[in-house]
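Produce the complete structure using the sequences and hints provided.
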Amino acid sequence: MKILVPISIVPDTTSKVAFTDGDTKYDKNNVTFILNPTDEWYALVRAVELVEANGGSVTVINVGEAANDQFIRKALAIGANNAVRIDAEAKDAFFVASQIAEHAKTEAYDLVITGKETIDYNGSQVGAMLAEMLDLPYVALVSKLEVAGTEATLEREIEGGVEVVAVNLPMVVGAEKGMGEQRIPNMRGIMQSRTKPLAVVPAVEVAEHVVVNKFELPAPKTGAKMIDADNIEELVRLLHEEAKAI
Amino acid sequence: MSNVAEQETLKEALRGGEFLIKETKSEDIFIPEEFSEEQQMMAKATDDFIDMEITPIAEKIDKMQDPELMPSLLTKAGELGLLGIGVPEDLDGLGMSFNTTMLIADVVGSAGSFSTAYGAHTGIGTLPILYYGNEEQKKKYIPKLATGEWKACYCLTEPDAGSDANSGKTKAVLSEDGKSYSITGQKMWITNGGFADVFIVFARIEDDKNLTAFIVERSYNGITMNEEEQKLGIKGSSTRQIFFNDTVVPVENMLSERGNGFKIAVNILNIGRIKLGAGVLNGCRAVIRHSVRYGNERKQFNTPISSFGAVKYKLAEMTARNYATESLCYAAGQDVDDRITYLRNSGMSAAESKLKGVEEFAIECAIAKVHGSETLDYCVDEGVQIYGGMGFSEDAPMARAYRDARIARIYEGTNEINRMLLVGMILKRAMKGDLDILSHAKAVGKELLQMPKPANIDRTEAFASEKELISRMKKAVLMVAGKAAQTFGAKLNNEQILLMAVADMIIEVYAAETSIMRAEKLINQHGESADGVKAKLAKLYLQLAINKLEQKGREAISCFAKGDEMRVLLMGLKRFTKHEPINQREIRHEIADMMIEKNDYAYKLWS
Ligand SMILES: Cc1cc2nc3c(=O)[nH]c(=O)nc-3n(C[C@H](O)[C@H](O)[C@H](O)COP(=O)(O)OP(=O)(O)OC[C@H]3O[C@@H](n4cnc5c(N)ncnc54)[C@H](O)[C@@H]3O)c2cc1C
Chain A
278 MKILVPISIV
288 PDTTSKVAFT
298 DGDTKYDKNN
308 VTFILNPTDE
318 WYALVRAVEL
328 VEANGGSVTV
338 INVGEAANDQ
348 FIRKALAIGA
358 NNAVRIDAEA
368 KDAFFVASQI
378 AEHAKTEAYD
388 LVITGKETID
398 YNGSQVGAML
408 AEMLDLPYVA
418 LVSKLEVAGT
428 EATLEREIEG
438 GVEVVAVNLP
448 MVVGAEKGMG
458 EQRIPNMRGI
468 MQSRTKPLAV
478 VPAVEVAEHV
488 VVNKFELPAP
498 KTGAKMIDAD
508 NIEELVRLLH
518 EEAKAI
Chain L
152 MSNVAEQETL
162 KEALRGGEFL
172 IKETKSEDIF
182 IPEEFSEEQQ
192 MMAKATDDFI
202 DMEITPIAEK
212 IDKMQDPELM
222 PSLLTKAGEL
232 GLLGIGVPED
242 LDGLGMSFNT
252 TMLIADVVGS
262 AGSFSTAYGA
272 HTGIGTLPIL
282 YYGNEEQKKK
292 YIPKLATGEW
302 KACYCLTEPD
312 AGSDANSGKT
322 KAVLSEDGKS
332 YSITGQKMWI
342 TNGGFADVFI
352 VFARIEDDKN
362 LTAFIVERSY
372 NGITMNEEEQ
382 KLGIKGSSTR
392 QIFFNDTVVP
402 VENMLSERGN
412 GFKIAVNILN
422 IGRIKLGAGV
432 LNGCRAVIRH
442 SVRYGNERKQ
452 FNTPISSFGA
462 VKYKLAEMTA
472 RNYATESLCY
482 AAGQDVDDRI
492 TYLRNSGMSA
502 AESKLKGVEE
512 FAIECAIAKV
522 HGSETLDYCV
532 DEGVQIYGGM
542 GFSEDAPMAR
552 AYRDARIARI
562 YEGTNEINRM
572 LLVGMILKRA
582 MKGDLDILSH
592 AKAVGKELLQ
602 MPKPANIDRT
612 EAFASEKELI
622 SRMKKAVLMV
632 AGKAAQTFGA
642 KLNNEQILLM
652 AVADMIIEVY
662 AAETSIMRAE
672 KLINQHGESA
682 DGVKAKLAKL
692 YLQLAINKLE
702 QKGREAISCF
712 AKGDEMRVLL
722 MGLKRFTKHE
732 PINQREIRHE
742 IADMMIEKND
752 YAYKLWS
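Heads up: the protein sequence lines correspond to chains A and L, in order.
Each residue of the first sequence is one higher than the last, beginning at 278 in the numbering used here.
Each residue of the second sequence is one higher than the last, beginning at 152 in the numbering used here.
Quick caveat, the hints were computed from the structure, so don't treat them as lab data.
There could be a bad hint or two in this list.
What the hints assert, rightly or not - Far from chain A by the CB rule (all over 12 Å, computed), these chain L residues:
no.: 1; residue: Glu188
no.: 2; residue: Asp315
no.: 3; residue: Asn361
no.: 4; residue: Gly373
no.: 5; residue: Asn411
no.: 6; residue: Ala547
no.: 7; residue: Arg580
no.: 8; residue: Asp587
Unchecked claim - Just some of the chain A residues that point at chain L, by a computed CB distance under 7 Å:
no.: 9; residue: Val308
no.: 10; residue: Thr309
no.: 11; residue: Gln347
no.: 12; residue: Ile461
no.: 13; residue: Pro462
no.: 14; residue: Asn463
no.: 15; residue: Met464
no.: 16; residue: Arg465
Predicted model, so just to flag it, every value in this text is computed and none were measured.
For glycine and all other residues, C-beta sits at the position ideal for the given N, C-alpha and C.
Here it is in structure tokens:
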């Protein structure tokens, strides 16, 4: 079984958010980056488990610049067999999906597993776009994934229950919590990651569909106003006059 | 060795103790910012392991209700490869450098009881076989220990033989057929004793002057134990009294040669000491991080307590001291690695060169142990203080940290023993002519009789005045130690109060110098603005060091000098420690503010 796992590199959630270039770009200075958790913990770990059980190989692919190599090697340390980096700044979801599709087209993957979203822009777009570009079925928010022969059985959490879906491979899966569990790379894996192949591939031209006009921080939280529990009138007055909620 | 950066050092490395008589250059020391991506990834993975598997169950571990828990955690660590970092690859380890094992000990150090179990297994438990075992012994035991299938402990201490370890009464008697030894005796305070499969046991054959070491397996006959000790801290680590009653050990399980046991014990302890120095670092970082966060959250007088100068004072000092331990440990760790490589290249065996490499830096190992364990104690003490009443509560993390810290000053040789050892070793090397303390001390003596020359400092160079001050700190040590040696001769060994003070002076020189060199190297590598906070930490540490060196210098001089001699020495001390005090208010505010703003420890070594 040949599995492709697209991975992104995102700011740690504790990072300060600031912008440059007239508020059109995220300021990467002094930011700690990490592998996108849903890609790492769910998509990659499940892909590695499937290959450990059934044989085959896991390829991770990232669209990004050379600084990302250290994170790609972490994915290799966790158990991916090889890696591809498309050497370009990841501009937007369409750009990223197009680059990955370009690679996947020629490689005959049985499965592509993406994380359900990245924790930076939370767009949840790459998986769906990729499926469309590759003309493959796509199931999102999958919390369980089993493969038998050429059929995948997927579980999705839905309102009040679980939906079980069977899909013929190849397909694209959007991984959600539950599909895998964070795996700490072992020391030998870390040492081996340096000798696993990491191919750097130039990007292809892609039409630009998105222009960022402006980023804005949410308004700072204002302090809570404490009102005596007995003073219902005051509460109603404030809700009406100040908060304008009623 | 697998790391390219590790392979390229072939230089005739620095000698142990030489820092006292030589100016160290920043390009000659290793700084932890230079760890490779691979080493950092290992540190991060280890950190994740501690975060996910150990810290959440710290309380459960300390309750000791499940005797299988600690060994199962060691097994997990083994599966990740954490038990074989420094073990050669042909024995199922990873074959990483000495300094990598330091880095991993650093990370594991925040894990309280687990950290003690880990240290005992990978250090004193495994290393005697790895370094002194013959091929059969290594093949039989090391792969099992490196992967965690078997657990190890180290049985040296006895009820009547603690600091005086070579005085143990445990006996080993050769059988009539010459095929086995029968070991009888009582061991005490044995870490991992409750579950270890392999015991390194030190015993005396006939009336030998020195002990002999044996590998004993749990399945052998005649081994009984007392219940777990009820301890002040690291409550979750197994600590047992162990009795050997005519335990039959095959002769092929003797380690090294008859009478070599004490040497093994001493050399393995050298390694344990420097590892313990590294092994407090992440504990300190955790305590400081908690202190910053609690300080930011806790409000009194409508103000977060972290904004109070008294609290900032503590945060800055905790961090500066830890920065210094870090600087000296990793510099010394690399010196050991360089020495190992050098000895290897001059034809020495792998095991022998590792031992000799560490032995060369036994002085620095003792410094690391003392400086690290006392920094940890300072940090947990002030950590409790910053938490106030919550520091005294089991609902906050400080109470456990406070208890767990205390053991570090006791085991691997008490800090008193280590202080005496380090001065003793310097004097011994001086007498043997290996370390030219004498002529340097003489030169300082001569300088004292001349008018002080104004120092020629190029102030455009970063840290020029700090480096000049450090060179005078060394002179102060040489002056005091030289005079003391002259006064007492061989009897100096009995002058403990004086020796303790001299030891502190030496420790401060090494800590201050490696701290400043690290900051300088960072600036040389990355430019002036590279890492402001580390330069500040180095400068604050230097001030702490000079204060202590001055005080200990006076204490030392007062122990033996009188009248004119005392006046001359005190004047010399004044001359050698003269400096313009740093603005404490400014620097401590700056360091603390930076951490308060980040709501975190001052910097990251791995991510
Ligand atoms: C939790 C724990 C785990 C341990 N694990 C192990 C283990 O795994 N294996 C093992 O073999 N041992 C172990 N030990 C033993 C430990 O190494 C000893 O406790 C330590 O070396 C001190 O010996 P002691 O307790 O007999 O104290 P003592 O030697 O009685 O010392 C008491 C005090 O006297 C001072 N003192 C002693 N001699 C001198 C001197 N010559 N000059 C000045 N001061 C002196 C000491 O510094 C100390 O302050 C452990 C101990 C503890 C508490």
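For each hint, the structure was consulted:
1. Glu188: Violated: least Cβ distance 5 Å, not greater than 12 Å.
2. Asp315: At roughly 39 Å from the nearest Cβ of chain A, L:Asp315 sits farther out than 12 Å, so the non-interface label holds.
3. Asn361: Label holds. Min Cβ-Cβ 37 Å, cutoff 12 Å.
4. Gly373: holds (38 Å)
5. Asn411: At roughly 32 Å from the nearest Cβ of chain A, L:Asn411 sits farther out than 12 Å, so the non-interface label holds.
6. Ala547: holds (21 Å)
7. Arg580: holds (37 Å)
8. Asp587: holds (42 Å)
9. Val308: Since the shortest Cβ distance to chain L is 10 Å, the answer is violated.
10. Thr309: holds (5 Å)
11. Gln347: holds (5 Å)
12. Ile461: holds (5 Å)
13. Pro462: With Cβ-Cβ at 5 Å, under 7 Å, it holds.
14. Asn463: holds (5 Å)
15. Met464: Holds. Min distance 3 Å.
16. Arg465: Hint on A:Arg465: holds, closest Cβ of chain L at ~5 Å, below 7 Å.
Hint check: violations occur at hints 1, 9; the rest are consistent with the structure.
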